[in-house]
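Peer 1: The primary structure of each chain is shown beneath.
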Amino acid sequence: MILISSVKVIVVVVAVLTGCAWSTWLERKVVGHMQHRMGPTFAGPYGLLQPIADFIKLIFKEDIVPSGVERVAYGLAPVLSFIPAMLVFAVVPFAADATLFGHEIKMVISDLNIGILFVFAVTSLGVYGLVMAGWSSGSKYSLLGSLRASAQMISYEVSYGLSIVGIVLIANTLSLRELVEMQGSDSIWFFSNWFVFKQPLGFLLYLTCAIAETNRLPFDMPEAESELVAGYHTEYSSMRFATFFVSEYANMLAVSAVGATLFFGGWQGPYLPSIVWFILKVFCFMFFYIWLRGTFPRFRYDQLMSFGWKVLFPLALLNVIVTAAFVMLD
Amino acid sequence: MNIDTAIFIISAVVAVFGATMMVFQRNPVASVLYLILSIVAQAVLYIQLGALFIGAILIIVYAGAVLVLFLFVIMMLNLRGGEDLGKPSPPLSQITKYFIALLIFAEMVFVVRSAFFRDAGPTGILTTPADQFGSVESVATLLFTRYLYPFELASILLLAAIVGAVVMARRESRSDKDLPGEVQK
Amino acid sequence: MKGFYVAPYLSILIFIVIGIGLVLFTFFLARLIRPSHPYPAKTINYECAELPIGDSWIQFNPRFYIFALIFVIFDVEAVFLFPWAVAFGQLGLYALIEMVIFILILFYGLYYAWKQGVLKWV
Numbered sequence: 001m002i003l004i005s006s007v008k009v010i011v012v013v014v015a016v017l018t019g020c021a022w023s024t025w026l027e028r029k030v031v032g033h034m035q036h037r038m039g040p041t042f043a044g045p046y047g048l049l050q051p052i053a054d055f056i057k058l059i060f061k062e063d064i065v066p067s068g069v070e071r072v073a074y075g076l077a078p079v080l081s082f083i084p085a086m087l088v089f090a091v092v093p094f095a096a097d098a099t100l101f102g103h104e105i106k107m108v109i110s111d112l113n114i115g116i117l118f119v120f121a122v123t124s125l126g127v128y129g130l131v132m133a134g135w136s137s138g139s140k141y142s143l144l145g146s147l148r149a150s151a152q153m154i155s156y157e158v159s160y161g162l163s164i165v166g167i168v169l170i171a172n173t174l175s176l177r178e179l180v181e182m183q184g185s186d187s188i189w190f191f192s193n194w195f196v197f198k199q200p201l202g203f204l205l206y207l208t209c210a211i212a213e214t215n216r217l218p219f220d221m222p223e224a225e226s227e228l229v230a231g232y233h234t235e236y237s238s239m240r241f242a243t244f245f246v247s248e249y250a251n252m253l254a255v256s257a258v259g260a261t262l263f264f265g266g267w268q269g270p271y272l273p274s275i276v277w278f279i280l281k282v283f284c285f286m287f288f289y290i291w292l293r294g295t296f297p298r299f300r301y302d303q304l305m306s307f308g309w310k311v312l313f314p315l316a317l318l319n320v321i322v323t324a325a326f327v328m329l330d
Numbered sequence: 331m332n333i334d335t336a337i338f339i340i341s342a343v344v345a346v347f348g349a350t351m352m353v354f355q356r357n358p359v360a361s362v363l364y365l366i367l368s369i370v371a372q373a374v375l376y377i378q379l380g381a382l383f384i385g386a387i388l389i390i391v392y393a394g395a396v397l398v399l400f401l402f403v404i405m406m407l408n409l410r411g412g413e414d415l416g417k418p419s420p421p422l423s424q425i426t427k428y429f430i431a432l433l434i435f436a437e438m439v440f441v442v443r444s445a446f447f448r449d450a451g452p453t454g455i456l457t458t459p460a461d462q463f464g465s466v467e468s469v470a471t472l473l474f475t476r477y478l479y480p481f482e483l484a485s486i487l488l489l490a491a492i493v494g495a496v497v498m499a500r501r502e503s504r505s506d507k508d509l510p511g512e513v514q515k
Numbered sequence: 516m517k518g519f520y521v522a523p524y525l526s527i528l529i530f531i532v533i534g535i536g537l538v539l540f541t542f543f544l545a546r547l548i549r550p551s552h553p554y555p556a557k558t559i560n561y562e563c564a565e566l567p568i569g570d571s572w573i574q575f576n577p578r579f580y581i582f583a584l585i586f587v588i589f590d591v592e593a594v595f596l597f598p599w600a601v602a603f604g605q606l607g608l609y610a611l612i613e614m615v616i617f618i619l620i621l622f623y624g625l626y627y628a629w630k631q632g633v634l635k636w637v
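Protein chains in written order, with this note's numbering: chain E, 1 to 330; chain W, 331 to 515; chain Z, 516 to 637.
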């Protein structure tokens, strides 16, 4: 049992890291073309080997530790931001159950019946990496960036949680596996049971809060490079910086995977193998994120905070009550 | 020793270790980190007992929200552990402190003795797939029928907390205005 | 079947261990091959290439703290909503009314904070 789990964990971790690496390539390429540039072209065909080149560059870089840092917290911060980002993938089912050598293998590392709560809990722990990084660096930019980031994340976290409650109301379960199974359909309209059609407002709320949670444009205040240099990871270099960078992309992939699972039927889909459907859906989310980055300017910080509390939060509460009323009438 | 007992012992030791280190750290941020460690270990214990919802809440609310608040306060006051803690307190209050600590310890020993170690080994660890005890559904059905009144009272309590926060915020902004020549942001 | 119940949580534990191990391994690998020539001028904190003024203590807005406080309160509310949503099918209309009252009381709190100007970031 432990052996199978370990193999699954290693496969998933490697897959997510690979996904992160080529998400950076995708992002540069897409944003490049949106801005009438080519993006990376040099390393490999279409610049496809760029992530590997980046990795090699970063691993050979000197690790400059400023003299004013709090050593322990400074070292711990990248790990603290990496682990919660990855941990979400422990509960997301990524394909239909398969049979291999007569054993039935669940295509999920850990099928928890409190899956959604687990995702919520892990997301709420993501703040610590940033706070630790900012506080321990001993730099004004880092501290300001991490404070902004954490205040932003906690402001959108409540709405993030509430946007999922609508689905739970309809499905009466917190298990991600059951949620995916519920969204399957054998008819030609294979997408007819996707929760996005039953929870359109919930989906929009989820999308918005997820972008804010991952500190991406147009909500990338913590890294507003024009005012804060690089935000919380200003003082990080070499592999420690790379860890923060990977965590950001792992976070994006995580909210994409959870979004695809909750609203777009996870691995459900006709003809193609289930894992292909899953990857396709996650890819669509990622493309949407990158598209947003290429399109929108950054919010102002006060706009961002009032938007979270005065618009998203009341809307999320309203969505919960209206959904409950509809479920009641059914 | 089966794997359940092993997990119980490890997470119990980690929980106690985290709590102890939290008290002994001079650096308050390190204290908070150890407290998080302790809380996560406690969540593991709850989950092992079958109380899934309590375990999840412990992480979401305590580790994810309350301790963020603590961190903000520590950072706002810029405590780094090098502060002068002042003179040691007078002997009488020292004795009182130790007496109260002793009292609480005695109570703890009493509770632990009376409740737990009647059988050999820790009891209550769930080793079979749970019946509905402690699951989110059973918590909900109890919370919204039998314990409805305390639940609604909780909302009043939370409302009071909001009012408290607002009053503090207004005091802050008023004291800002009192400062002469302060540029209002 | 002994040890069955914690099995899914055990795989999460494996995940955490492997994740931490991976990060530490890359750090170790980087330590083996990267150069290291620190000198005092290099390890000064970044402040746009000037010498840093004072330490990193900045007078930060107490509003961060107020927002954290409000977040804690509404996080508790959100957590209460999950079991309610799971059991909603069994509980029915009565539960809906209960939750509407609960939400309205807390929403009044939000409205109060809003009117008092606490949610405004100035």
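None of these hints come from the bench; they were simulated from the model. It cannot be assumed that every hint is accurate.
To be verified - Listed next, with one range per pair, are the computed distances between beta-carbon atoms:
1. E:L280 to Z:I535: 27 to 35 Å
2. W:F440 to Z:P553: 20 to 28 Å
3. E:F60 to Z:A556: 19 to 27 Å
4. W:L483 to Z:K630: 19 to 27 Å
Ideal placement from N, C-alpha and C gives every residue a C-beta, glycine not left out.
Peer 1: Now, for every hint given, state plainly whether the structure supports it.
Peer 2: Do the hints match the structure? See the list:
1. E:L280 to Z:I535: 27 to 35 Å: The hint (27 to 35 Å, Cβ to Cβ) holds, given that E:L280 and Z:I535 are roughly 31 Å apart.
2. W:F440 to Z:P553: 20 to 28 Å: 56 Å, violated
3. E:F60 to Z:A556: 19 to 27 Å: 22 Å, holds
4. W:L483 to Z:K630: 19 to 27 Å: Distance hint for W:L483, Z:K630 holds at roughly 24 Å.
Violated hint for the displayed structure: number 2, the only one.
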